[in-house]
Every structure is written in structure tokens, then in C-alpha cells.
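Chemist: Chains as they are written, first to last, in our numbering: chain E, 820 to 1212; chain B, 2 to 294.
Treat the hints as calculated values from the structure; they're not laboratory data. Worth double-checking, as some hints may not be accurate.
[Said to hold, decoys possible] Computed Cβ-Cβ distance ranges for the label pairs, DEER-style: (1) Arg-20(B) - Arg-1181(E): 45 to 51 Å; (2) Glu-1050(E) - Trp-224(B): 39 to 45 Å; (3) Trp-224(B) - Asn-1187(E): 28 to 34 Å; (4) Ala-977(E) - Gly-43(B): 18 to 24 Å; (5) Asp-170(B) - Ser-902(E): 46 to 52 Å; (6) Gly-102(B) - Val-1160(E): 26 to 32 Å; (7) Arg-289(B) - Gly-945(E): 41 to 47 Å; (8) Ser-902(E) - Gly-102(B): 32 to 38 Å.
The beta-carbon is built from N, C-alpha and C at its ideal position, and this holds for glycine as well.
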Amino acid sequence: MKIQEADAKTLLLAQGLPVPPWEVARTVADTRAAADRFFAAGNEMVVIKAQVLVGGRGKAGGVKLARSAAEAEAVAGAILGMSIKGITVRKVLVAPAADIVREFYLSAVLDRSARRILLMASAEGGVEIEQVAVDHPEAIVTLHADPALGLMDWQARALAFRLGLGAHLRQAVGIAKGVVRTMLANDADLVEINPLAIVRERAADGSTVERLAALDAKVTIDDSALARHPELEAMRDLDEEDPTDLEARAAGISFIKLDGTIGCMVNGAGLAMTTMDLVKRAGGEPANFLDIGGGARADKVAAATRLILADPNVRAILVNIFGGITRGDEVARGLIEARSVQERSVPMVVRIVGTNAEEAQRLLRAANFQTAVSLDEAARKAVAAAGSAGAAA
Amino acid sequence: MSILIGRDTRLVVQGITGREGEFHSRAMLEYGTPLVAGMTPGKGGQRVLDNRVPVFNTVAEAVAETGANTSCIFVPAAGAPDAVLEAVGSGIRTIFCITEGIPALDMVPVVEEVRRAGARLIGPNCPGATSPGRAKVGIIPGSVHREGRVGVVSRSGTLTYEAVQAMTDAGIGQSTCVGIGGDPIIGTTFLDVLQLFAADDETEALVLIGEIGGSAEEEAAAWAGQHLPDRPKVAFIAGRTAPEGRRMGHAGAIISGGRGTAQSKVDALEAAGFRVAGSPTEIPALLRQAGVA
């Protein structure tokens, strides 16, 4: 699960990382009021950042500076409501603009090959790490946390020196260890600070000091761990969720909406992807990824049918079930039941093999469903059905 | 021979009294698997599956009483990492963890402990393995198999059944089929299984079934290209149409930062001498082309 920058910063702050203050605003007036408070506190400039769960906000014009309350109001007016990669901006983060001396990149991810937590850092902050990896792979410093001992101080010190952060050693070590702690405490897949910056600040006596600060934060949470983190589930941004996502989660169905016209209902993630691929190969476009999971019964099949038909682009449905734990006759009954109550009728091609497949075939034929024996045949039939349904519409 | 499981397997099922555990244990027993013990804390002393299998409170007791040397875990996600550690701590050296939905970070220290102890973990979130005609451990339907000499390794469940059924229908049998699991952190990789197959004198050809996400297929391909140049090799990769940045059901199936794409895997496999199928149903024909009798 992706969470917004503001929530990610809350998680970093909870682990003692240096995150400058911020406020979240959902309206132009609230943005202006938040900016006003930062100006009143002595800041000369604020940054206003669109809160969306997609990358590339800056390039899309979703991050802007403002030097006055009036300017903050104008900027908020432009950002709120704008569309970034198809997502409507509904809230912004307001924070004092930092006086940046130098930018770095720091993240912790799960390294699947090494089966450990991997820390990645670079002195080329502020740009996407993928780009740095292509242009200057030598600029990326990596190290693994020990599976049992975690990230040790000496490792964090070595990382800091390699980044040229010797002058900020104590703080850099604390931040590196804090990133790993944030990951472990929240079951995160990714904790990213980009940029981690040396910022210049005015001290109480009027002199300037330089210190490290996390100016942006990105955290994604392991979906499998959400059950034991109810406080993180509360960070799920329903603004950016399709209503079907909610229904799919409630039904225990893995569902991802796509742009095509052929709805897919499959048991098993690998087979579901394969079914989509074969639809494409037969000249069609899949409308969704849908895995009903193992052992699915009639009610789940009915929920899956509703999810697929909620997409008005769907012109045909391809059902592909390889029965193991899942019983083919249960699925067939679910399909027959679902069809009797659905509001919209689209052609359906059903392929059921494996456990109780013969009984499933009998039920489906009696109910006049179009059936297929092989997976390739099912894909071809579904593409043909969608084509003729499209022509008729 | 066969790999991982075979005639010497003596299986203990952890979580045998649960719904899934009991259902699949029955199927394993009916397939002829030497299932010698079950284990559920607090249910020790019972006998299950028509009185055929004794249940123990601990894995250590099951090992001491029955000589169990292989474990299959159906324990729910919250207790599964501990179940793996109990198996390791009780001297079991081959452990299959079927459980899905285990938080990935829970598995990091567990996988390390398994490695340190010199044991082997397959999974989690895997369908298990079958050595046709000898033993089946896990949830793969026994009916899809036929005895033979092709080794199959896959990250998926039902997709594997599909591919193996197509092989069986075409008269091509398998030495062992292994599902390694769809999670980001797993105990045994494609590369590990290919190395086991390479050392198995009954495995003449290899089928690798991968999917988007990570780089395990690429790593296995590079090794196979170098070490098994003459062995017939066929592969299939699921997820050519998967969009970037979305997790396709399996926790590990995600393309991120342009890495883990189907195309990168197909390219690596073809460069290593694999014939890559466009559909699982094409696997048998490609095996024949590669010289499988």
C-alpha cells in the first residue's frame, strides 16, 4: 500500500528522523492560512506540494514555491484540482522552503536476491535513483543490514563517509539507522528520503548552522502486514482509490482495473497474468487482472462478476479456472447465479478444468454458457465475442 | 532419482488438523506419499486421516518417533515463520511452506536461520513439489502429473498445473515439479532448483515458468546458459501485459523502476538457450523441438 508524503513523514518523525514541520490543506483558504502561519514564524518562503500517490509531481507542475500568503493562495488554486497522471489533486502539503546546501538520496528496500534489507544512498539527491543507476551507477552506495543484528553503527558510519557526510556523522548515522527502524516498525517494503538535504538554518543567536533534514518521504507498506498495523490501514488514501478496489478487498479478491474490453476471472495470480497475455495475443485487450484465489465459492464468483461488470468498457468476460482446491462445479454455480441477477448482459466464455470439471461443463451447457476446452481457445472465443458485441453496440 | 522429495521422504505435516492441512494431507497420502506424522500443538496423541497418521505436539517428537525428515507447513501466516524455525530446530532439512500472506520482513531472519543451519526451505506461498509416482508434498493436484524426465520449476500455482497438464497430455512426463512461491522473500530460488536438477541423473530437460518482478529468472538463465548448454530448456514468462507499478496478485509480481519486466526475462532466457513459449500450451511442442523424446 502506498501512503502520502505527509503520512510517510509522520512515520519518519516517529522514529526520530529530522523532518521539518508541515501542514496538509484541502482547500485554497486552508493553504493560505497554513502558509500564513509559516510566514508568521519567520519563514520567508513556503513550498506547496501536491499530495498524490504517483511520481513526477514536480515535472507536472505540482510543486511550487510562494513568498506571500497571496502567492500561496494563487499556487494552491492552480495545484488543487489539477490532474497528475490521471489523478485529481485533492490536497497539498505546505512547508517552509528549505535553504538547501546539498542534496542526497537515501532509501531502504527489500533486496529479493540477497534476502536482506538493502540501504541505497547517493550524493546525487533530488533526482530519481533509477536515472542515477543508469547514468552514474558508481555514485550509488549500497549495503545490507544484517538479518539478525540489523544495521550496525559501523556500517552507517561507513555509508556516511562514502557520501561525504563526515561533517554530519552523528546525524547521518542516526538517519540511516532510523530509516531501517522505520522499515521494520511499519513492515514497509520501501522507505525513501529524496532529497535528504544539508539545509542552512538560522540559529537563535543569528548565526547560520547546517544540518541534515528529510525534505521528502516515500513509504510503501507490505500489504501482507496490514492486518497487524491498523494505524497504517487508516493511512490508506481512499481519495485515490477506485470504489471497485474497496469492494475487491472486502471480497478477498485480487483485482486491478486495466483499459481493455475483455474482463478476466481466473484462479491464481500467475494464471491470471497468463490469461491476460493470451487475450492480448489473440488480438484483444484485457479489462482487468482478477484472481479469485484458491477455494473460491459461489459468493466470491458473484462478487468477481460484479467487479468486472462495473467497468462499462467490458464487452466480454473470460473465465479461466484450473480446479485444484477450487471446485469447478462451485464456480459454475456461482456464474449461473451471478448471471441471473446481473443488470448488464455481456457474452461470457468459460473454461473450467481440473477438480469437478465434468459437472461444471454439464451445468454450464445446460445454462447455455459458451465454453472452451483449452486456454488459447478460450482467449480466441472471448476476443471474437467482444468484437461482435462491440459491433452490435 | 528426483529432487527434494522421493522414495526416501518421510513427511511430517505441521498444521495437519486444520481444514487445509487435513484436506491436502489426505490427497498426499492417497498419492502414495510417505506421510508419517502430523503436528499440531495441543493435539498430540490423536490419530487423523482414518487413524492412519499420528499427531504430535512438537516436530521434535515427530522426528524422534517416526524418523520424519521433511516437513510441509499449513500453519496460518501469523505462526508460519515460527513453524519453519521449529522444523529447522528439530533437525528437519527439507521444509515446504505452503502458507501465503506472511509479511516479507518476517521471512528475512527465518531464511537466514535456515541457511545457517544448512537446511532448505521451499516457499513460502508455494504449491509444493511432486516427484511423479513417488511422492507429492503440498497442494499440486496429483492428476496433472506423469512420470518422466523433465524437471519443472515455477513461481506460480495454477499456472504450473496448466503447464504440467499440457505436458502430461502430450505424453511428456516429469522427474520433479517444484513451485518455489510467489513472495518477494523465498527460501529456494530458480537458480537453486536448476542446480539441483543439473545434478539429477533422471532429469534430461528443464522447464522454467516465471513471471514479472525481481530478477531471479535472469539470474537462473545466466547460470543455465553457462552450465547446462546442452540440456533442452524451455521457459514461459507470465505478465507481458502487466502494467508497471501494480502488484499482480503475488506480492513479488511487480514491475518497478523499469525492472522485472517480462521482456527482460524473455531476452535473458533466450540468450541462455531457452526456447520461450508464447502460451503454456506450446511448452510440449518446444520440448519436442529441443529433442525431448
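Chemist: If a hint holds in the structure, say so; if it doesn't, say that too.
Modeler: A quick look at each hint next to the structure:
1. Arg-20(B) - Arg-1181(E): 45 to 51 Å: violated, 28 Å
2. Glu-1050(E) - Trp-224(B): 39 to 45 Å: holds, 43 Å
3. Trp-224(B) - Asn-1187(E): 28 to 34 Å: Check failed, 52 Å falls outside 28 to 34 Å.
4. Ala-977(E) - Gly-43(B): 18 to 24 Å: violated, 48 Å
5. Asp-170(B) - Ser-902(E): 46 to 52 Å: holds, 50 Å
6. Gly-102(B) - Val-1160(E): 26 to 32 Å: holds, 31 Å
7. Arg-289(B) - Gly-945(E): 41 to 47 Å: Given about 55 Å between the Cβ atoms, the range is violated.
8. Ser-902(E) - Gly-102(B): 32 to 38 Å: 35 Å Cβ-Cβ, so the 32 to 38 Å window holds.
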